[in-house]
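Given chain A, put chain B in place with the hints provided.
Protein sequences appear in the order of chains A and B.
Under this note's numbering, the first residue of the first sequence carries the number 1, and numbering increases by one thereafter.
Under this note's numbering, the first residue of the second sequence carries the number 1, and numbering increases by one thereafter.
Simulated from the structure, these hints should not be mistaken for lab results.
None of these values were measured; they are calculated from a predicted model.
Watch out, some of these pointers could steer you wrong.
Subject to a maximum C-alpha distance of 30 Å in a straight line, what follows is the list of computed DSBU-like cross-link-like pairs (lysine-lysine) [what the hints assert, rightly or not]:
hint, chain 1, residue 1, chain 2, residue 2
1, B, K375, A, K158
2, A, K268, B, K137
3, B, K153, A, K270
4, B, K317, B, K270
5, B, K253, B, K243
6, A, K158, A, K268
7, B, K375, B, K399
8, B, K89, B, K266
9, B, K209, B, K243
10, A, K577, A, K487
11, B, K266, B, K243
12, B, K204, A, K268
13, B, K137, B, K153
14, B, K153, A, K577
15, B, K270, B, K253
Pulled a few chain A residues facing chain B out of the computed Cβ check, cut under 7 Å [as the list claims (entries may be wrong)]:
hint, residue
16, M164
17, Y310
18, R575
19, Y576
Every residue gets a Cβ at the ideal spot worked out from N, C-alpha and C, and that includes glycine.
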Amino acid sequence: MNLQHPLARTAVTTRTWPFLIDLSVAACGLAIFFAVVSTGRYWLSKPAPIVEISHSIGALPVYAFYSIVRIGIAYLLSLIFAIAYGYIAAYNPRIEPWMVAVLDILQSIPVLSFLPPVVLFMVALVPGHQLGIEMAVILLIFTGQVWNLAFSFYSSLKSIPREMIEASRIYRYSGWQRFWQLEMPYATIGLVWNSIVSVAGGWFALIACEISPFANYTYQLPGIGSYLQVATNSGDYKALMFGIGSVILIVVATDQLVWRPLIAWSDKFKFEQVESADRVSSPILALLRRSNLLSSLPSRCWSSIEEPIYRRLSRTPECRVVHPVDEERSNRPSFALYALAVAAIGIVGWGALQAVIMLKTVNWPDLKLLLEGAAATFLRVNAALLISAVWTVPVGVAIGLNPRLSRIVQPTAQVLASIPATAFFPIILIGLVKIGGGLGIGSIALMLLGTQWYILFNVIAGAMSIPSDLREVSSLFHFTRWQRWTKLILPGIFPYLITGMVTASGGAWNASVYAEYSHLKDSTLQTIGLGSEISSATDTGRFPIILLATIFISLMVVTMNRLVWRRLYRLAETRYKLEG
Amino acid sequence: MQEAVIPTPGQAPAPVPTVEAIIRAEHIEKYYAQPSENRIQVISSTDLSIVPGEILALLGPSGSGKSTMLRMLTGLSTPSAGQVYWHEKPIAESEINVSIVFQSFALFPWLTVLENVEAPLQARGVSPEERRERSMKMLDTVGLDGFEGAYPKELSGGMKQRVGFARALVVEPEVLFMDEPFSALDVLTAENLRSELLELWANKTMPTKAVFIVTHNIEEAVLLADRIIVLGRNPGHIRTDFKVQLAQPRDRKSEPFTNLVDYIYKVLTKPDTAPTDVPGHQHPEPKVRDQRQMHYQMLPHARPGGMAGLLELLLDKGGRDDIYRLANDLAFEIDDLLPIVDAAQLLGFLKIEEGDAAITPSGAEFANSEILRQKELFRDAAVGHVLLLRQIRRALESKSDHTVPEDFFLDMLDEQFSEEECLRQMETAVAWGRYAELFDFDAGRRRFVLPDVPEEEIDDSEDSE
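With the rest of the complex left out, here is chain A (with noise of 0.2 Å):
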């Protein structure tokens, strides 16, 4: 199994736009943050609903069926968000530029720093109902998995090759047609990849959401987080072992049962010429194939449907004539569009300003706090890298040179990397208490047990992909270890390390709201870090802090990705890459 895409992000390196657009976008954001904000302060005091939840292990199942069914269906928005985004940012090419920029801020940034403010807002918006708080989790999840979702649907869209679209427009197909039999099959590699990755870092938000109750606005979710939090409380160890392999199985039968077959079967749209020799093969899929009802069942029924809507669609006006390739739109917006426009500015300088203004009650203390917990959080999350990689490079260089180890190991740490780390938070939360170190090294901790599963096996996968010849090359001619690291491996491995690195920091980021801060039975354990700012500015009820440190982490991630990884990303395409 390799890695197909491990630079999917990178089609955007080389764009060059007017900072005009970031200003802008980060506008926005002030001011949708804003709205939310002033809506769950308005709606204070209502109470939410507290449910309790048991630690019996009967009740597990339903926890975790809970659990499932918010995934699932967080996934199936995104899903559909995600491609309806990309079509529209690809084939209109005045919005194109902003879609693409605000795709690209949205899926560095830290999502799950935005909870606390979504949890009110949600709150709020239904009071009294537990479905406030459902909906809040299910958008939070949305959030995080919706962009790189539509960045892969983006970008294959994009990459389509020319003849292709040609020869749908020469036999002049519907855009049903099109979408179905072009541009959904191309796209499907990408989003499979990319689903995996994204229901990963759903279920870690997802626990970490269960778990976390604010001070002042408790709620329970029934669910398998909040489960592994009651268990841990009342001491039931047995039943947080329970919790936590439940954890564990659901994980693994995901990936047996879906994401193994799906990977199988999406070898279909390959885009290439020859039969390549390395295939993913998975059990499952080849039973279902070896099923008569499933192959013959879906196609009649699908064909049924179909055929009716070819026939009237190929009498459309649209599907007579040929539409050029390069079609200008040239009409002039219309009048409409222009005030709508303005509309939006005033509306969104407005909200923006009030944001500002909100700032203002920030006081030299307090920023004093958040820039000290910046810099911590910074540190910290660099440092887990570093530890990450100082591990896991050897292993990984070592396990992906010896094929047979490989073949067993890099999926299952593939695996790995899917189970949420959140779901040990709370078992690792009492061993620290229990050792009497302090959070400042256990979020370390903690972040590193979420992220650095993603650089192992990008690392494996790269070891795996350094050509034989290469490697031939290096021991014909007899190079020392340390000629062999710098000239062959670390370059081979160099754009792989740079995908798994940056996923494994947005990862710690997001950790950090939760890794800096927690709630324990009657104690709270926090450390000096942006992370616990939020969490503790959310449990006194002070939306300053919360926008501020928000702005601050997403500046920081922005930032970081900017100046660094957008230059390793690119220097990974053009200098490190292997084939030509």
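Leaving out everything else, chain B in the frame of chain A:
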């Protein structure tokens, strides 16, 4: 229209159609507007008609815009000026019935062969049973009976192109367009498919009324076509348009055949009188001494090694040879040979006279020298004749740190060439500059460097060529 087999050279007659043209292009142009005053003209004002009953070949070297022309004639690309008519109605509004066979086959890898062929019929709302029947019949005609369930990645190149043909013909197009359909195939398969195409055409097995084939292979054009249009480039324009009166089947070795091919080579290698430029789109009249306002030559994409080889061959033949015969000896197609010939001509190493290549004294010296002397001669010729290389060298010498970024020159080339062509021009210039030891190029930092600079700057450069 010319009646004789060998038309008098230099004539580009505007045909007066006696039969109504199926597709008629009137004064079509293609250009890209630049932010500055300049316009990059890809195709200059052209008139073209496709009449029923003939195979029309569009022949030209790369860069002459033949693919763009095909796309404008099929409605896939809108001309920047002028209009294309389908049966005398504007093509954008007509329900046209054409197909294209693509160079890279353009098959959908996730559909079986049968599904690929059925797809255009599905787009037209044909019922499943009729679709299947027509597609199976067409697959049988192209000789792929039995392969309906196969996926394209299981097929060889020739078979994939047959699927392309089946898909194109299943809709019974009025005009069949082909964009270099055989250039991705090996020689034998291409031969096979060519003769099958002629058979289908002769037996009137297809209801197609006209065939339009774009190619850069002169022999292929003469083998297949009833009428040949030769395009020149910079900007793309028709150089000549004549009928081929040889009877089918045509013999490659027969004298009329070889004469015709020779004539076409002559046309292609004759110095081109560019068509009258559209007024108002020249460089500004006041001639500025500033070198940056000067016109860049379009560098032919040939390597110094290729030129050296060609000159040595010429010298071997006594200093002069027919270009057609050269191409035959080397088994080169025009796309491979002409750039080398053009490059050698640009550098003053040979002269073209009436379809013959004659080596000049400097070319003879170049061919006779050993490697280091060759590099010197090349360097002198390059600096003397190629503006871009001269400028790069001068810029490097005048700067104190002796490096210049690539973008500086790309910006200037951008005024004259399309983005893609700019990059290719730069690649060729870098190859020539490196060979001539005029400068070196640091691909990592995208900068030109002078070659006699301290060690660390040379060590940094990775060669990506």
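Numbers of the earlier hints that this structure fails to satisfy, in rising order: Result: hints 1, 8, 12, 19 break, sorted rising.
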